[in-house]
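Number of protein chains: 2
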Amino acid sequence: MFKATVIVKRRPTILDPQGKAVEQGAKLLGFNNVKNTRIGKYIEFFIDTDDREAAEKELKEYSEKLLSNPIMEDFEYHLEQVKQKN
Amino acid sequence: MFKATVIVKRRPTILDPQGKAVEQGAKLLGFNNVKNTRIGKYIEFFIDTDDREAAEKELKEYSEKLLSNPIMEDFEYHLEQVKQKN
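Protein chains in written order, with numbering that gives the first Met the number 0: chain E, 0 to 85; chain H, 0 to 85.
Simulated from the structure, these hints should not be mistaken for laboratory data. Note that this is a predicted model, so its numbers are computed, not measured. Among the hints, a few may not be true.
Heads up, the list lumps identical chains together, so a pair's fine if it works in one copy or across two of them.
In silico DSS-like links for lysine-lysine, alpha-carbon gap of 27 Å or less [to be verified]:
id, residue 1, residue 2
1, Lys-2, Lys-82
2, Lys-40, Lys-56
3, Lys-56, Lys-8
4, Lys-34, Lys-8
5, Lys-82, Lys-8
6, Lys-56, Lys-26
7, Lys-2, Lys-26
Required output: the full structure, derived from the provided sequences and hints.
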C-alpha cells in the first residue's frame with residue numbers, strides 16, 4: 000500500500016481569479032501585507048498495490064487525467080509506502 | 000518579505016464528496032487501486048514585512064478567517080523568509 004500526496008498548481012503565467020478574490024477579502028479585513036495569493040489543490044489518496052512502479056504509473060495517470068488540467072496546471076507528487084490499513 | 004505556504008484539509012471525520020466524485024471517475028478510467036481520495040487546498044502567498052512574528056500572526060488570522068472553515072477544516076503552514084521581489 001502506498002500513500003500519495005499530489006499538489007496541483009496553476010502555472011505562474013496563468014491568472015488566478017480565486018486567489019485575487021480571496022486577497023480582496025484580506026484587504027477588507029485589514030491584512031494589508033498579504034500579496035500574490037495563489038490557490039491550488041492538495042490531494043491525498045492511497046494506492047492499493049505493493050509494486051512501487053505500478054503505483055507511480057497509476058498516480059501519474061490519475062493526476063494527469065483527473066486531478067489536474069494539463070493545459071493550465073502542473074502537479075508535483077510524493078509517494079510513500081505505508082502499512083496496510085485493516 | 001516572507002513566503003507562506005498553507006495547506007487546508009478537511010478533518011478526517013468530515014465526508015469529502017469532491018474526493019468521492021473524483022474517485023468514481025478513477026474507477027471508470029480503470030484506476031482500480033486508488034482508494035480514499037481526499038481533496039484540500041494548497042495556498043501560497045507573500046507577506047510584505049520583515050518581522051517574523053507579525054508575519055506569522057497575519058498568516059494565522061488570514062488562514063482562520065478567509066482560507067479555511069474552522070468548523071470542518073484544519074490548516075498547517077510553512078513560513079520562509081525570502082528576498083524582496085522588485
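Outcome of the hint check:
Taking the shortest alpha-carbon separations for Lys-2 and Lys-82, only the intra-copy value of 9 Å comes in at or below 27 Å, while the best inter-copy value is 35 Å. Taking the shortest Cα distances, Lys-40 and Lys-56 sit within 27 Å of each other both inside one copy (20 Å) and across copies (24 Å). Proximity of Lys-56 and Lys-8 under a CA criterion of 27 Å is satisfied in both settings, with 20 Å inside one chain copy and 25 Å between copies. In this homomeric assembly, Lys-34 and Lys-8 come within 27 Å of each other (Cα to Cα) both inside a single copy, at 17 Å, and across copies, at 22 Å.
Taking the closest pair of Cα atoms, Lys-82 and Lys-8 come within 27 Å of each other only across two copies (22 Å); inside a single copy the shortest separation is 29 Å, beyond that limit. Proximity of Lys-56 to Lys-26 under the C-alpha cut-off of 27 Å is restricted to the inter-copy arrangement: shortest distance 15 Å between copies versus 43 Å within a copy. Taking identical chains as interchangeable, the C-alpha atoms of Lys-2 and Lys-26 lie at most 27 Å apart only when they sit on different chains, with a minimum of 18 Å there against 38 Å within one chain.
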